[in-house]
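Asks: Chains as they are written, first to last, in this note's numbering: chain A, 1 to 312; chain B, 1 to 308; chain C, 1 to 240.
Hints listed in this document are in silico derivations from the structure and should not be mistaken for laboratory results. What you are looking at is a predicted structure, and each value in this text was computed from that prediction instead of being measured. Treat each hint with caution, since some may be false.
Unchecked claim - If the Cβ cut is set under 10 Å, some of the chain A residues that face chain B in the computed set are:
#	residue
1	6
2	8
3	11
4	46
5	52
6	108
7	180
8	230
9	286
10	287
11	290
12	292
13	299
Unchecked claim - Have a look at the derived ranges for each label pair, beta carbon to beta carbon:
#	chain 1	residue 1	chain 2	residue 2	range
14	B	188	C	56	22 to 30 Å
15	C	119	B	179	52 to 60 Å
16	A	162	B	122	46 to 54 Å
17	C	88	B	293	54 to 62 Å
18	C	66	A	163	38 to 46 Å
19	B	189	A	282	31 to 39 Å
20	A	9	B	122	51 to 59 Å
Cβ atoms here follow ideal geometry from the backbone N, Cα and C, with glycine treated the same way.
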Amino acid sequence: MRKFLPIVLLALFALIPLVGLSSYLMHILILVVMWSVIGMAWNLLGGYCGQVSFGHAAFFGVGAYSAGIIYTKLGVSAWWGIPLSIIVVALVALVIGYISLRLRGPYFVLSTLAIGEVFRVSAENLEGLTQGNLGILIQERTWVEKIWYFYIILFIAAVTFYLIKKTIASRLGYYFVAIREDQDAAESLGINTTLYKTIALCMSAVIAGLAGAFYTNYMGYIDPDVVFSLSDISIVTVMVVMVGGVATFWGPLVGAVIMVLFAELIRSIPMLGAAHQTLFGILLIIIIIFLPNGIAGDTSKILRLLRIRRSS
Amino acid sequence: MSAQIELFLQTLIAGILLGGLYALIGLGMALIMGVMRIINLAHGDLMMVAMYIAFFSYDIFHVDPYVSVLIATPALFLLGVGLQKFLITPVLKVESILPHNQVILTVGIGMVLSNLATVFFKSDYRSTPVDYATKAWYLSDFWRNSPIELSLSFAWSVSFVLAVVITAMLWFFLTRTDTGKSIRATAQDLDAALLMGVNVERMRMLTFGLGAALVGAAGCLFMPIYYLYPALGKQFTNIAFVVTILGGLGSTEGAIIGGVILGIFESMTATYLGMGWAPVGRFIIFVAVLVFLPGGVSSLLRSRRFGR
Amino acid sequence: MSLLEIRGISRFFGGLAAVSDVSFMVDKGAIVGLIGPNGAGKTTVFNMINGFYAPSKGEIYFKGEKISQLKPHQICKRGIARTFQVVKPLQRMTVLDNVIASAFVRARNRAQAEAMAMETLKFTGLYDDRAILSKSLPLGKRKKLEIARALATQPEMLLLDESCAGLNPSELNEAIEIIKKIRDRGITILIIEHHMKVIMSISDRIVVINYGQKIAEGTPLEIRHNPLVIEAYLGEAQSA
């Protein structure tokens with residue numbers, strides 16, 4: 001029964017829009033699916049392989065700009081950015097990996113944070129390439145209705161889900177977890193940790209980059225402060241997975257649903273709007289103290305708490 | 001030709017003065033890292049809090065920022081102790097898949113602090129325009145026929161001197177007092193310290209409070225010469241971190257040297273390359289140290305002390 | 001020819017010599033014990049054989065090939081596996097999965113890895129526990145799992161680091177049996193151990209280290225009566 005859950009869910013998601021949803025609700029759905037993709041990407045590197053990145057905006061942004069720049073410089077449709085982003089982001093990830101993956105634990109975390117910021121600052125300053133803070137605007141809108149965009153991101157999400165499931169069940173999956181649990185022991189047991197960390201990083205980066213390239217095409221406008229944002233992309237990515245459930249298959253989806261709804265809720269209350277980061281921060285703190293493995297990861301803990309409440 | 005020398009010397013002096021302040025910022029983080037093995041990514045935001053305290057003391061009560069050091073430092077100390085006691089300790093106890101929880105926690109704390117500041121104080125730039133802000137000493141005042149002109153800003157100098165004084169006081173505390181020695185013992189060998197009867201939990205609270213207090217003092221010293229806005233925490237966290245890595249993880253002497261080096265480097269970069277490249281410059285130093293000298297400056301010091 | 005040759009290795013940390021000019025050889029099929037007081041440098045020697053540190057001076061040869069500069073995973077692939085003092089299995093995975101992860105070094109696919117893992121579990125007596133999450137295991141079984149993980153890499157030589165520490169008497173006997181079974185399979189063993197009973201009963205030769213230097217080498221009988229060794233262990237008590 002459980003084996004069919006992914007297919008059932010996929011079918012459900014595919015059928016929902018046919019009910020006829022408002023443009024706003026479609027937008028929310030698209031955001032949820034897009035954040036699931038980014039979350040799954042991060043989860044592969046951070047949750048399964050244990051390399052916690054606070055700079056995933058770098059990959060998202062490079063993917064986004066791959067689509068944007070190919071449009072402005074070559075005059076072709078930004079959709080070509082999607083396949084292009086795979087190559088560009090992979091190369092970027094290799095370089096970043098070469099520098100950062102030699103760092104352990106929190107030092108790796110900090111280097112990713114710094115890298116994300118370097119990309120943002122560079123995108124702002126390299127105006128010849130990125131049009132700096134003006135951003136890139138895509139004049140032609142491919143479709144008016146959102147439903148086609150939804151199906152594209154849903155397709156990307158489904159492929160990503162399947163890919164990650166296969167990876168975790170394979171040698172790669174075992175090696176990633178071994179590296180996460182104890183890198184020295186893993187190395188002693190014949191695992192080339194540098195190689196496999198790099199693979200995890202590249203896979204994670206490319207998937208996040210795809211989401212970025214999609215974003216450019218969907219939103220029609222990007223600028224450095226949005227796509228390379230530390231607080232709105234990098235940190236939200238971490239939160240999506242931490243809230244939803246680290247190192248689980250469904251965690252990123254659960255987290256995406258919660259985070260998107262949470263953000264929309266805050267946005268709709270006029271007074272709280274400006275304080276949305278404070279609330280995110282508080283949510284992050286609460287999760288990290290009480291449910292560090294997320295909802296899907298700490299399900300047993302949650303059930304235990306609920307059972308105690310019911311019995312007393 | 002003399003204009004080149006003049007520019008270089010001026011930049012160098014500015015760099016050293018900046019370095020003294022950077023050292024103070026980095027010291028707090030190095031202490032926390034050394035004793036508690038915690039990376040405090042909210043470090044810069046703590047500094048921001050202190051700067052707002054200094055700003056409002058000046059704005060409302062006309063207290064000079066340098067005097068605010070006496071107000072903000074204890075306040076930040078208490079804030080640090082509180083954060084350690086109520087947030088950090090619980091996180092360290094929880095079992096989780098990823099061990100980096102405390103780093104993520106400090107990110108959350110930083111977010112809350114900087115966003116609250118934005119909400120309450122708006123993103124406007126603030127400054128404390130004290131009347132001595134533009135006062136400076138000029139070389140030509142003392143040496144009539146000097147071939148070059150050098151200026152030494154009064155405010156910068158006072159900040160630098162106070163930073164040195166505070167650093168010296170910290171030094172004294174760490175090396176001469178019992179509490180200070182207990183802190184260092186906890187940093188060197190946690191288990192041994194426990195066995196010797198050191199109250200480790202109290203040391204941790206003290207250390208985090210001390211680290212916060214140091215960066216709070218640095219914030220006040222920065223007020224007369226810089227400007228304030230809610231999001232400035234991030235760049236100072238970066239600075240603190242680069243100083244700490246440059247100095248050698250957890251080493252207080254290293255942090256001092258690292259601070260001065262970074263100060264000089266940034267000053268040179270600003271003069272010869274342009275202000276906008278500062279974040280990139282810091283990142284380059286960060287990467288260079290990690291690749292070429294992972295132990296930081298303190299590893300150089302150590303090998304010299306023991307000989308080859 | 002000896003399987004493992006340690007030639008004059010030293011390791012400096014800063015100015016401190018953790019290991020200083022240690023040399024010994026391990027013959028194929030033997031069990032060699034490495035003993036010495038706490039902090040003598042035994043684990044540092046292991047770390048050098050294993051590839052975690054390169055020796056500051058000296059070389060290490062395995063099957064005639066110089067391995068002193070290789071990385072740990074390369075050394076593992078050449079046939080040396082090692083256990084760690086502080087056992088840290090893959091906590092959220094089952095016992096079986098833990099061993100499968102190690103078996104992948106030699107296995108070409110998952111089915112093969114699983115078969116090899118099963119075999120290793122049967123050999124170490126953990127077969128019945130294969131579906132249990134490793135974080136629920138008691139210490140004795142965790143130590144066994146550590147050995148199983150190392151064995152799954154099909155080593156020719158096994159470095160055991162305090163595999164018997166903290167075990168109760170019946171677990172201890174089991175551990176000794178497993179070690180003997182490993183030797184009977186043709187795997188050479190180098191073992192660090194504080195349990196004198198274990199070392200004396202299973203070692204063919206013993207190397208004694210103190211303050212980073214080798215102070216004695218010989219059969220268990222010779223070592224037991226060696227005054228230098230006795231002094232190293234009981235030094236302060238004697239002079240007091």
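Asks: Run every hint past the structure and note whether it holds.
Replies: Hint-by-hint comparison with the structure:
A hinted interface residue such as residue 6 of chain A counts as satisfied when its beta carbon comes closer than 10 Å to some beta carbon of chain B; here the least separation is about 22 Å, so the hint is violated. Interface hint at residue 8 of chain A: violated, since its Cβ lies 28 Å from the closest Cβ of chain B, which is beyond the 10 Å cut-off. With 10 Å as the threshold, the beta carbon of residue 11 of chain A stays out of range of chain B, its nearest partner Cβ sitting at about 31 Å, so the hint is violated. Hint status for residue 46 of chain A: holds, given a least beta-carbon distance of 7 Å to chain B, under 10 Å.
Proximity of residue 52 of chain A to chain B holds as hinted, the smallest CB-CB distance being about 5 Å (cut-off 10 Å). The restraint placing residue 108 of chain A at the interface with chain B holds, with a minimum CB-CB distance near 9 Å, inside the 10 Å limit. Hint on residue 180 of chain A holds. Least Cβ distance to chain B is approximately 8 Å, under the 10 Å limit. A least Cβ separation of about 8 Å between residue 230 of chain A and chain B falls short of the 10 Å threshold, and the interface hint therefore holds.
Residue-level restraint check for residue 286 of chain A holds (minimum Cβ-Cβ distance to chain B is 9 Å; threshold 10 Å). Because the smallest distance between the Cβ of residue 287 of chain A and any Cβ of chain B comes to about 9 Å, under 10 Å, the interface hint for this residue holds. Below 10 Å, beta-carbon pairs count as interface contacts, and residue 290 of chain A has one with chain B at about 8 Å; its hint therefore holds. At a threshold of 10 Å, the smallest CB-CB gap from residue 292 of chain A to chain B is about 3 Å, leaving the interface hint in force.
Violation of the interface hint for residue 299 of chain A is found here, the shortest Cβ-Cβ separation to chain B being roughly 13 Å, above the 10 Å cut-off. Judged by the Cβ atoms, the range 22 to 30 Å given for residue 188 of chain B and residue 56 of chain C holds: they are separated by roughly 23 Å. In this structure, residue 119 of chain C and residue 179 of chain B meet the distance hint of 52 to 60 Å, their C-beta atoms being roughly 58 Å apart. The supplied range of 46 to 54 Å is met by residue 162 of chain A and residue 122 of chain B, whose beta-carbon atoms lie about 48 Å from each other.
Separated by about 30 Å at the C-beta atoms, residue 88 of chain C and residue 293 of chain B break the suggested range of 54 to 62 Å. Distance hint for residue 66 of chain C and residue 163 of chain A: a CB-CB separation of about 41 Å, consistent with the stated range 38 to 46 Å. A beta carbon spacing of about 36 Å between residue 189 of chain B and residue 282 of chain A agrees with the range 31 to 39 Å that was offered as a hint. Range check, residue 9 of chain A to residue 122 of chain B: about 44 Å between beta-carbon atoms, so the 51 to 59 Å window is missed.
Comparing the model with each earlier hint shows violations of hints 1, 2, 3, 13, 17 and 20; every other hint is respected.
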